[in-house]
Amino acid sequence: MDSHSASSASATPGLTQWGWGSGPLAGWAAPALFVALGYYLAARVGFAFTLQPYPISTLWPPNALLLAALLLAPTRAWWWLLAAALPAHLLVQLESGVPVAMVLGWYVSNCSEALIGAGLVRAFVPWPLRLDSLRNAGIFLFCGAFVGPLLSSFLDAALVSLIGWGERGYWDLVATRIFSNTLAALTVAPLILTWASVDVSRLRAAPLARYAEGAVLFTGLLATCMVVFDLPQIDPHTAPALFYAPLPFLVWAALRFGPAGTAGAIAAVVVATIFGTVNGLGPFAGSTPQETALEMQLFLSAVAVPMLLLAVVLDERGRVELDAREQRMQLTHLSRVAMLGELSGGIAHELNQPLTAILSNAQAAQHLIANKSADPEILVEILRDIIAADQRAGEVIRRLRTLFKRGETQFQRLDANELVDEVLGIVHGDLMTRSVEVVPEFASALLMVHGDRVELEQVMLNLVINACDAMAGIAPEQRRLTIRTRSIEVEDGAVQISFGDCGTGFTPEQYAKLFEPFYTTKPRGLGLGLSISRAIIRAHHGRLWGSSIPGKGASFHMVLPALSTRGGSAVR
Amino acid sequence: MGSSRACVSIIDDDALVLRSLDRLLQSRGFEVHTYSSPQAFLAQRDGDIPGCIVMDLSMPGLGGLELQQALARAADRRPVVFISGRSSVEASVRAMKAGAVDFLTKPFDEADLVAAVLAALEKDRASREGLAERATINLRLSSLTPRERDVLGRVVAGKLNKQIAAELGTAEKTVKVHRARMMRKMQFDSLAELVRAWTVTQPPPPAPPQA
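Those sequence lines, one after another, are chains A and B. So for the first sequence, the numbering used here puts the first residue at 1; every next one is plus one. So for the second sequence, the numbering used here puts the first residue at 1001; every next one is plus one.
Read the hints as simulated data drawn from the structure, not as lab findings. Ideal Cβ positions, reconstructed from N, Cα and C, are used throughout, including at glycine. Possibly wrong hints are sitting among the right ones.
Distance condition first, Cα-Cα at most 20 Å in a straight line; then the derived EDC-like pairs of lysine to aspartate or glutamate [said to hold, decoys possible]:
{"id": "1", "chain 1": "A", "residue 1": "372", "chain 2": "B", "residue 2": "1022"}
{"id": "2", "chain 1": "B", "residue 1": "1097", "chain 2": "B", "residue 2": "1066"}
{"id": "3", "chain 1": "A", "residue 1": "372", "chain 2": "B", "residue 2": "1031"}
{"id": "4", "chain 1": "B", "residue 1": "1162", "chain 2": "B", "residue 2": "1148"}
{"id": "5", "chain 1": "B", "residue 1": "1159", "chain 2": "B", "residue 2": "1189"}
{"id": "6", "chain 1": "B", "residue 1": "1123", "chain 2": "B", "residue 2": "1112"}
Partner residues aside, some chain B positions facing chain A, computed with beta carbon under 10 Å [said to hold, decoys possible]:
{"id": "7", "residue": "1029"}
{"id": "8", "residue": "1058"}
{"id": "9", "residue": "1059"}
{"id": "10", "residue": "1084"}
{"id": "11", "residue": "1085"}
Pulled out of the complex, with its shape left as it was, chain B reads as follows (with noise of 0.2 Å):
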């Protein structure tokens, strides 16, 4: 597959189940690991890893839904595939809120549950990816000096470098030599691959509250 090292974990307590997916996804190319157990999977879990997680809703001891809120509160951000023997709307709401990529209930045709690992794949990714962007770009901004940084963010609201001189007390041409620097180090040519970083890098609005 694409994503040459992703692996897919999946988490059902059914032997029989877990062995069939195991061998189904795997002869599609897939990489798998299983787990029999939410514990054991929280045992044996690396983050680092890429990849996702095909896991039973129900399961003794452990649900698939607290399991989810685990993963959350240890920033494990592996996106979650849901597969269920049991079809609950309420179930289902509250894991797709959560963040699931996928809710899918048993039996379940391959093709479903190939589209939904590659879904679950591909937005851990682009996460990773953005993930990596923004490292880089902070990396970046930290190089920045102070008046530097002034000016960025000034440049980035769509100031002229006249109104930015005036408002730090400093001569215009003094500000186009800062802002020159302050290009260079960040590595962009324009204006707009620019404005892109910035926002990227900036946190998101809060997110409303969840259930």
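Just chain A, with the same shape it has in the complex (with noise of 0.2 Å):
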């Protein structure tokens, strides 16, 4: 990789592997080689591809991929990397005997086709291209593989007919054009752009498991293919059905591995068919040399279309919910973050405490020390409760750095009595500068359930912290914050955690709108908490709902599916 590359290249991971200088000499050079090399071995298998005795090839990928180095490149180094293409062509084709003017020609008709392909795509979508969404992958299937071979096919056969080359007629030239350009477009295109743009850092961390069933997609698809398409003796009866065999493997490989793994998949089932095809075997040989060639084209371009743009979509959807759940954790967390700053003082206050005693402690005993009056088991006891703040202080910084992490959600089994005083731990500090009581009516029997920590502690501070709100304006003596832990006995078993207030309560109408995002009735509320925890509730197959008397409070219940606790391990 180049040292001073494109600012967007760190954007794009793999797509833009080669940094794109300022000029042909700053990091031009590695993708100008590589498009000489490809596109010679790409004519080499156009020639392997042939149907003899006639000079038709079924499949021609060296404007294929031209079009994806065009497509992979930023537009002011095409000159380039077409001009690197020139000498690949001379040598390929002058090895095969045909005249100058017909070489250039080609060199021409080829170039336009990328050309035509890869602008019109560049018009609609910019540098670079990814075939990551319906469509991108649409306007490169009807741009690059459809106009661009269609409009120069014309030209092409044009030039042909002009430098006198062959005795084949014009549109007939027109029609083999077309259709090989369009299958190399189709099959070799998509597997260099989907190839290029894969992320080779998360290639390399998936599982073992992953590369095996890939193994196994790629053996299989492999085998059916040699066994439909590369075996002599088709019966013509069972022809069109063994036309299908691959086609699960394509949807495998569709909805498992992406555009990327589709398009290694098709072209894994073109190069067999064409091979078969060429070399006189199955259900495709037979008839002429046009005739085969255009029934193998047509029906490995109408495979490759659809499930292409399958893998697109598949992925594309999978991506839309991949980001809507990270939006939703980083959600979570920003509103656990903004909850965890309204507790600040109350947390200041608790790291207060032991900072007051091991200061005070340490200042007594430097006194007693001082004085020759140190009883040593007085220091004794002064090092023991040094000790002992010290630990309740890093208690503190324990719980909230769990809160403050963020990260995938983890279930696990859970006491909900002990989640509860976890909770009741953290906000310590602010009940007690609220002057809330809180009276604990825990269930003795042990409360099980299965959740995360972070986001369960999560709702439950929610709780508390809106019950201390809804009771900042009662006397401090009244203001009593029940809370209640039950298991109840529906189907399997639930655990209910209730949050009861003697505040104000809410009305119906307000009830109606509490659980909406951005409603509060604080004056400094996001109004998120609820919404919040009812998204993280429901999550965890849970119910949370309130209820109220006005003027004499509300309560907030959430109910979890229990857990066995007899250490059995019904959800895992």
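Using the hints, put the two standalone chains together into the complex.
What follows is the structure, encoded as structure tokens:
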């Protein structure tokens, strides 16, 4: 990778693997070499896939390779890549004894196909193109794989006729070129485009099982294709059914391996089919070369287009879901941090208590020692208290760190009573400064639930803070928060945790809006607490609701499915 | 310390903090009593013992500010030093308005605590001394006859014997006798001393209404 790569390179890893520097010498050499070498090899493949005895190539990949290279490169580098293909073109065509005029003519038409396709795509999608949305894939397929080959085929056939090479008619040539080039653009270009944007680090991080699945898929696909397309003597009656044999594997690839995997699978089908056909094997053999080529190309194109689009659509949807989940997680985390901000005064109190004890104890010990009046026993007590205070401060920090942390949801077995205790530990300072007395009514039995500790604590914290806020207007000695945990007898069992305040409560009209995002009755509230809390509890397969006697107080209840307390692991 | 039997009462619901403050103030030579809750303090308090109160602002049940009000109602005038783990401007303003000597935010340095305690003890000593002086003067005042009291009021108001005699409808000579007897009973040698003592016994002007 070049040291001064374009700024967008970091945003799209993989796609811009070459640093497109300011000039041909700075980082442009590697792409040029790649294009030249690829063009040469692609042309050799194209020759190998030529139906004998007539020189009709069923798949002409060099143009598709050029198209992909242009799409991957910034527009200002296009001339350079096209120029890089010229030596390869000359080399491979002159080897096969074609007149120089025809060789140059083909170079022009090949370049024109890539330029038309890439130019049209670029007009709609800015560089770099990624086949990660239905829109992008549709534009690529229409412009690059259809319009480009179509338009350039007229030019190509015209040049052939003009130079007078071969004896086939103009329209015959056009038809041959269109399908051969289209098939290549449909199979080779997506393969290069998708694999160029594969994130290597994610590929490396993939579990072994994924690799095994990929290996099984491709082995099965190749074996099926070889049986269907590369064996002689196919009964004409079973042939149509056999065409569908590779489809399950392609669907599998689309479902599980994204556009890149699907492009690979399509390429495998294409290679196996053409290999069989040019060797006179498989269901397409037997007609005239033109008919054979056309049948096969139509079949392969008909398979490639929907499969590719299916893979892109699935990939896009999956990513959208992933984005939504990521966003939900971020929002949950943000509201948690905001809530902890509200608690910061109480948390400071919680930390200042042990700090005061440590400082005063240490200073007392200093005086005792200085006055030579230090009784060793008292010093031992002082040190014991200092250690205890330090541990308490550490515990406050530990609780906070857990809540501040941003991470994936981790479901585990949790004791509901212990969760409530932990939450009360966090808000202890706030309850104190707001003169709120907690009345715990905990079930004596062990109440196990299955959930994410941090998220459930977030919900409880939110309910406790809401309760405290609701009681800010009443006399301090009346501020009582009742927290009740109990197991409820429903099918499979459930655990209910209720938070009851004795504030002003809410009216049915208020309740209707209570769980809506951005609805708040607090002067500085965001109005996200309850809506996020409800989302969290829903994700835990539970319920969160409120009840109120206006003027007497409100209660909020969360119900979570119970886990068997006998150590069972019904839910993992 | 100077005020021999003055005692610092510490109220904090946090046992660790309570013990540490107890040790710290004791190591600095103070006489200390500790209470783990406002209720315990209210149950055991003795307002006649000179001293001051060091208490946490936020405690469960009865907060520091409420306790301060309860003490004021009970005419327990021991000065209060508040300590708080949470600095709230509103709470500190309320505390200071209600007569607190100082408001320390935890964690505080011992120098600040000791300075606040010393100031509180001094305030207590001064107010107790003032109280004692007022009691003495009141006692002496009560020994005056009505006529002597009339004379005293007019002397303090800066009137001459002649004026007093005219106002009371008596001879200047008689006023002189009353005045001499009054000064003897009040045990003052100079007019200045008499005036100072008199102002001490007068009820203070009505305080402005407090929040």
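Evaluated hints:
Between the alpha carbons of residue 372 (chain A) and residue 1022 (chain B) the distance comes to roughly 18 Å, so the proposed pair stays at or under 20 Å and holds. For the hint linking residue 1097 (chain B) to residue 1066 (chain B), the alpha-carbon distance of about 13 Å falls within 20 Å, and the restraint holds. Simply put, residue 372 (chain A) and residue 1031 (chain B) have alpha-carbon atoms about 19 Å apart, close enough for the 20 Å limit, and the pair holds. Of the supplied pair hints, the one linking residue 1162 (chain B) and residue 1148 (chain B) holds, its CA atoms being roughly 15 Å apart against a limit of 20 Å.
Of the supplied pair hints, the one linking residue 1159 (chain B) and residue 1189 (chain B) holds, its CA atoms being roughly 18 Å apart against a limit of 20 Å. Our distance criterion of 20 Å between C-alpha atoms is met by residue 1123 (chain B) and residue 1112 (chain B), whose separation comes to about 16 Å. Here the hint on residue 1029 (chain B) is kept, as its CB sits about 9 Å from the closest CB of chain A, short of 10 Å. For residue 1058 (chain B), the suggested interface contact is upheld, since its CB lies about 4 Å from the closest CB of chain A, less than 10 Å.
Against a cut-off of 10 Å between C-beta atoms, the interface hint on residue 1059 (chain B) holds, since the closest Cβ of chain A lies about 7 Å away. Checking residue 1084 (chain B) against chain A: minimum C-beta separation of about 8 Å stays under 10 Å; hint holds. A hinted interface residue such as residue 1085 (chain B) counts as satisfied when its beta carbon comes closer than 10 Å to some beta carbon of chain A; here the least separation is about 4 Å, so the hint holds.
Checked against the numbered hints given earlier, the structure satisfies every one of them.
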